[in-house]
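**Q** Residue strings, one per chain:
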Amino acid sequence: MPSQDGSLKAITANRLRDGVVVFLGADAAWVEAFADAALFAAADADAALAAAKAQAEGEQFGVDVYAFDVETENGVPVPVKMRERIRALGPSVRLDLGKQAAA
Amino acid sequence: MPLIEQGRVAEDSWSLIPDGEPVPNDRPAIISFERWQAERASFDGRNAKLGVRLKGGTLAGAVAADLDRFALVAVEFPKFRDGRGFSTARELRERYGYTGEIRAVGHVIPDQYQFLMRTGFTSVEAPEGTNVESWADALTEITVAFQPSLDDTQPLSLLRRRLGAG
Amino acid sequence: MNHIAPGARAGIYHYDEIDRRFVGERVEQFRKQVERRLAGELTEEEFKPIRLMNGLYLQLHAYMLRIAVPYGVMSAVQLRKLSEIGRKYDRGYGHFTTRQNLQYNWIKLEDTPAILNELADVDMHALQTSGNCVRNVTTDQFVGAAADEVVDGRVYAEILRQWTTLHPEFTYLPRKFKIAISGASSDRAAVRVHDVGLLARRNEAGEAGFTFYVGGGLGRSPFIGKLVREWVAEEDFVAYLEAILRVYNQYGRRDNIYKARIKILVHELGLDTFRQEVEEEFERLRGPKYRMAPEIVAEIRKHFAPPPFEELAERSDILERAKATDPAFANWVAVNVAEHRAPGYAIATISLKPPGGIPGDATCDQMDLIADLAERHSFGELRVSHVQNIVLAHVKQDELYDLWQQLDAAGLGTANAGLIGDIIACPGLDYCALANARSIPLAQAISARFADPIRQRTIGELGIKISGCINACGHHHIAAIGILGVDKKGTEFYQITVGGDPTLTTAIGDILGPAVTETEAVDAIEAIVEVYLANRTGEDERFVDTLKRVGHAPFKERIYAAD
Numbered sequence: 045m046p047s048q049d050g051s052l053k054a055i056t057a058n059r060l061r062d063g064v065v066v067f068l069g070a071d072a073a074w075v076e077a078f079a080d081a082a083l084f085a086a087a088d089a090d091a092a093l094a095a096a097k098a099q100a101e102g103e104q105f106g107v108d109v110y111a112f113d114v115e116t117e118n119g120v121p122v123p124v125k126m127r128e129r130i131r132a133l134g135p136s137v138r139l140d141l142g143k144q145a146a147a
Numbered sequence: 039m040p041l042i043e044q045g046r047v048a049e050d051s052w053s054l055i056p057d058g059e060p061v062p063n064d065r066p067a068i069i070s071f072e073r074w075q076a077e078r079a080s081f082d083g084r085n086a087k088l089g090v091r092l093k094g095g096t097l098a099g100a101v102a103a104d105l106d107r108f109a110l111v112a113v114e115f116p117k118f119r120d121g122r123g124f125s126t127a128r129e130l131r132e133r134y135g136y137t138g139e140i141r142a143v144g145h146v147i148p149d150q151y152q153f154l155m156r157t158g159f160t161s162v163e164a165p166e167g168t169n170v171e172s173w174a175d176a177l178t179e180i181t182v183a184f185q186p187s188l189d190d191t192q193p194l195s196l197l198r199r200r201l202g203a204g
Numbered sequence: 067m068n069h070i071a072p073g074a075r076a077g078i079y080h081y082d083e084i085d086r087r088f089v090g091e092r093v094e095q096f097r098k099q100v101e102r103r104l105a106g107e108l109t110e111e112e113f114k115p116i117r118l119m120n121g122l123y124l125q126l127h128a129y130m131l132r133i134a135v136p137y138g139v140m141s142a143v144q145l146r147k148l149s150e151i152g153r154k155y156d157r158g159y160g161h162f163t164t165r166q167n168l169q170y171n172w173i174k175l176e177d178t179p180a181i182l183n184e185l186a187d188v189d190m191h192a193l194q195t196s197g198n199c200v201r202n203v204t205t206d207q208f209v210g211a212a213a214d215e216v217v218d219g220r221v222y223a224e225i226l227r228q229w230t231t232l233h234p235e236f237t238y239l240p241r242k243f244k245i246a247i248s249g250a251s252s253d254r255a256a257v258r259v260h261d262v263g264l265l266a267r268r269n270e271a272g273e274a275g276f277t278f279y280v281g282g283g284l285g286r287s288p289f290i291g292k293l294v295r296e297w298v299a300e301e302d303f304v305a306y307l308e309a310i311l312r313v314y315n316q317y318g319r320r321d322n323i324y325k326a327r328i329k330i331l332v333h334e335l336g337l338d339t340f341r342q343e344v345e346e347e348f349e350r351l352r353g354p355k356y357r358m359a360p361e362i363v364a365e366i367r368k369h370f371a372p373p374p375f376e377e378l379a380e381r382s383d384i385l386e387r388a389k390a391t392d393p394a395f396a397n398w399v400a401v402n403v404a405e406h407r408a409p410g411y412a413i414a415t416i417s418l419k420p421p422g423g424i425p426g427d428a429t430c431d432q433m434d435l436i437a438d439l440a441e442r443h444s445f446g447e448l449r450v451s452h453v454q455n456i457v458l459a460h461v462k463q464d465e466l467y468d469l470w471q472q473l474d475a476a477g478l479g480t481a482n483a484g485l486i487g488d489i490i491a492c493p494g495l496d497y498c499a500l501a502n503a504r505s506i507p508l509a510q511a512i513s514a515r516f517a518d519p520i521r522q523r524t525i526g527e528l529g530i531k532i533s534g535c536i537n538a539c540g541h542h543h544i545a546a547i548g549i550l551g552v553d554k555k556g557t558e559f560y561q562i563t564v565g566g567d568p569t570l571t572t573a574i575g576d577i578l579g580p581a582v583t584e585t586e587a588v589d590a591i592e593a594i595v596e597v598y599l600a601n602r603t604g605e606d607e608r609f610v611d612t613l614k615r616v617g618h619a620p621f622k623e624r625i626y627a628a629d
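Going line by line, the protein sequences match chains H, R and F. So our numbering is basically just the index in the first sequence, starting at one, shifted up by 44. So our numbering is basically just the index in the second sequence, starting at one, shifted up by 38. So our numbering is basically just the index in the third sequence, starting at one, shifted up by 66.
Take these hints with a grain of salt, some might be off.
To be verified - Straight-line C-alpha distance at most 25 Å; calculated PhoX-like pairs for lysine-lysine:
{"no.": "1", "chain 1": "F", "residue 1": "K174", "chain 2": "F", "residue 2": "K114"}
{"no.": "2", "chain 1": "F", "residue 1": "K292", "chain 2": "F", "residue 2": "K325"}
{"no.": "3", "chain 1": "R", "residue 1": "K93", "chain 2": "F", "residue 2": "K325"}
{"no.": "4", "chain 1": "F", "residue 1": "K98", "chain 2": "H", "residue 2": "K125"}
{"no.": "5", "chain 1": "H", "residue 1": "K97", "chain 2": "F", "residue 2": "K174"}
{"no.": "6", "chain 1": "F", "residue 1": "K555", "chain 2": "H", "residue 2": "K125"}
{"no.": "7", "chain 1": "F", "residue 1": "K244", "chain 2": "R", "residue 2": "K117"}
{"no.": "8", "chain 1": "F", "residue 1": "K242", "chain 2": "R", "residue 2": "K117"}
{"no.": "9", "chain 1": "F", "residue 1": "K355", "chain 2": "F", "residue 2": "K368"}
{"no.": "10", "chain 1": "R", "residue 1": "K93", "chain 2": "F", "residue 2": "K292"}
{"no.": "11", "chain 1": "R", "residue 1": "K117", "chain 2": "F", "residue 2": "K114"}
{"no.": "12", "chain 1": "F", "residue 1": "K325", "chain 2": "R", "residue 2": "K117"}
{"no.": "13", "chain 1": "H", "residue 1": "K143", "chain 2": "F", "residue 2": "K154"}
{"no.": "14", "chain 1": "F", "residue 1": "K292", "chain 2": "F", "residue 2": "K244"}
{"no.": "15", "chain 1": "F", "residue 1": "K174", "chain 2": "R", "residue 2": "K117"}
{"no.": "16", "chain 1": "H", "residue 1": "K97", "chain 2": "R", "residue 2": "K117"}
{"no.": "17", "chain 1": "F", "residue 1": "K325", "chain 2": "F", "residue 2": "K244"}
Unchecked claim - The following label-pair restraints were derived from C-beta to C-beta distances:
{"no.": "18", "chain 1": "F", "residue 1": "G477", "chain 2": "H", "residue 2": "N118", "range": "35 to 41 Å"}
{"no.": "19", "chain 1": "R", "residue 1": "P116", "chain 2": "F", "residue 2": "L335", "range": "21 to 27 Å"}
{"no.": "20", "chain 1": "R", "residue 1": "Q44", "chain 2": "F", "residue 2": "E270", "range": "48 to 54 Å"}
Just so you know, the hints here were simulated from the structure itself, not pulled from any lab data. Each residue gets a CB set at the ideal place from its N, CA and C atoms; glycine is no exception.
Let's have the full structure, built from the sequences with the hints guiding it.
**A** Put into structure tokens, the structure is as follows:
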């Protein structure tokens, strides 16, 4: 699925009822860990995002649904931007909190 | 679209006449403020009630001089977040002494109903498919106010006071 | 909630039955609104302003709930409740903000009605801490205690709190609206960078009145508030504000969120036209309906009666002995303790800025301790300052040493109020959905670099303020040294400004040069400080004064010389 040029996308949202950061995983199911997020080639991301938005908003499941850039570092996918890195882990100043604490 | 008055769905005797269509002479009709400006002479001698619809950006002052010609002023909310209409209604009542019907049209939500009533609106054209119960609830949820409202000529007193009959 | 007998506590506005009923109804209303959102009856677009008006934001990791601390003043009982909520619904801590409020970072939407219910138990709420309405009115953190106070700002801030609560006309303004009041000769409330800044004063007859500044603000386009009216009598001040808000609500821009604040309206209309519009509205509103009768003011003032101060000697021997034996304490007194109007009392600032710490954060254990100390030493009352510290306003000088020892044992004894370590920082990209860069790590690195208390005192009064985006919640524009985080192609950079001033001689800082990386920023701050120390005429020449005298050049040369 990932394209050759490495421009990958993942899709994220906040769960409506508790605000927790979620990612779109395999089979259009939402997951809490970035490691389980599905990766899309840039060309496929728009359609996936539109579908995810319609589903999340239609079912009152998630809000602020958007796609973001992912790159691979040493074979492991990581978000390109600091914003999504922090969303995927938790505050960089409180390593005891957020998803990084549970890991 | 359901018309809400006093928290209940009410019969709407008015019809909004789109620009360019003939205005009926035998029943209450609402025309746009733009049409009023362009064709005002054509409404001289009209017997049936006339209403005017103000766009969001049209403030009370624009229509002030002609208020005696209108039995209804419809104030449009382009988006519910655009709160200019609250000031428009209040200016119509307090500054220009208008006593006719003021109707909120456009995008308004039940959560604003009490604010609408307190700034001088008398009716609301609610969006299609609205939950009518939410409008009724909105009038009774909060029974305390901290400012004087339109029907209240008392001074600020100790600021807070009970709304309604209480 | 009267933990301390009414006669023995300091002034806090206590709810009566009507206030209590109102807050209860408002919580119930929000509970139903949450239900309607979860059921899909309200769209997110419709729900968002509603939740914001109840202080609920959606941030990077979860919802953030901002609790209103009206004009920054609260009781020990209230703080204990905030701590309890922090443990029960959050992660054991809270963050004190530049609007003198407290916010939690890990809140669930579905818990919010229950939290608001618990707050209502202690006469608190989260109303109007966000949204395009009139926000929590702020004032001087030393109000009611400062030696230089002329008018008690709490009285008028409380009147405005009530008058703006669910104001039917002004709850959907073009943008948020912030009011600050200062009633002392030194402005500790930064009134000229607010939408409306009020200077409370007295005329020759001793009557209270207000000078109105309008259109100040930071953010993308910083403006200093303009003088709209020199004197508005006490009985007219609500009418005058109503006039300002009505002009703003009708004419403020709604086509562009970045141009929607009143500062842009005043700028675009021009001060004279704006003033004329306001004066016209004011003339009509001036009638009995909006008159602020002296009886009302007197009734509200009763809530803020001075606590039962003992008659004490001006000078405390116990304090002097303790200072002589404990230099660290003596340093704390010199830096964090301010003059009180009552003999034998003092105002103590509890710094929430330990070296390397997160500015404004307090753990629930710390909150409990501060609540205990407020009860023991300050008539059960405390304040949140807009520089994100806590103030115990009425401490006997005899008890300062005891107080400081307990604070110090809990990591709250840092002596840096107003010094370089007393950094304002917004939450930045670690928490905030709007941020472009992190603010906290830089604040931590700078405060750690300048941890030495002697070095800090040598440097003297020097404020550093950091914002993680152009919205400027960290007030960087008005800092002696301001830092703005920017994102350049995914990397965080920091732009340094110098020469800002938050007091009545308000000034917006100037950009010193190109943005630098985080590591470079810490070195650059140190370089700026060294240039200042090398150039100042003496210890009494503050950083901003040296900067005015020598200009930017020596600072620029030093920082950018290597490039």
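**Q** Within a Cα-Cα threshold of 25 Å, do K242 of chain F and K117 of chain R meet the stated pairing?
**A** Measuring from Cα to Cα gives roughly 17 Å; hence the hint holds.
**Q** When you check the alpha-carbon spacing of K97 of chain H and K174 of chain F, does it fall within 25 Å?
**A** OK: K97 of chain H and K174 of chain F at ~21 Å, within 25 Å.
**Q** Could you grab the alpha-carbon distance between K555 of chain F and K125 of chain H and see if it respects the 25 Å cut-off?
**A** At roughly 9 Å apart (the allowed maximum being 25 Å), K125 of chain H and K555 of chain F satisfy the hint.
**Q** Below or equal to 25 Å on CA atoms is what counts here, so check K98 of chain F against K125 of chain H.
**A** Between K98 of chain F and K125 of chain H the Cα gap is close to 38 Å, so the pair fails against 25 Å, i.e. violated.
**Q** Holds or violated: are the alpha carbons of K325 of chain F and K117 of chain R at most 25 Å from each other?
**A** It holds: about 18 Å lies between the C-alpha atoms, which stays within 25 Å.
**Q** Hinted pair, alpha-carbon criterion (25 Å max): K93 of chain R, K292 of chain F. Please report holds or violated.
**A** violated (32 Å)
**Q** Given the hint that K143 of chain H pairs with K154 of chain F, test it: the Cα-Cα distance must not exceed 25 Å.
**A** holds (19 Å)
**Q** Tell me if the straight-line CA distance from K292 of chain F to K244 of chain F falls inside 25 Å.
**A** holds (15 Å)
**Q** Go ahead and decide if the range 35 to 41 Å is satisfied by the Cβ distance of G477 of chain F to N118 of chain H.
**A** holds (39 Å)
**Q** For the pair supplied as a hint, K325 of chain F and K244 of chain F, is the alpha-carbon distance within the 25 Å limit?
**A** holds (16 Å)
**Q** Do the beta carbons of P116 of chain R and L335 of chain F sit within 21 to 27 Å of each other?
**A** holds (22 Å)
**Q** Compare the distance between the alpha carbons of K174 of chain F and K117 of chain R with 25 Å, and conclude whether the hinted pair is satisfied.
**A** violated (28 Å)
Taken one by one, the earlier hints fail for this structure at numbers 4, 10, 15, listed in ascending order.
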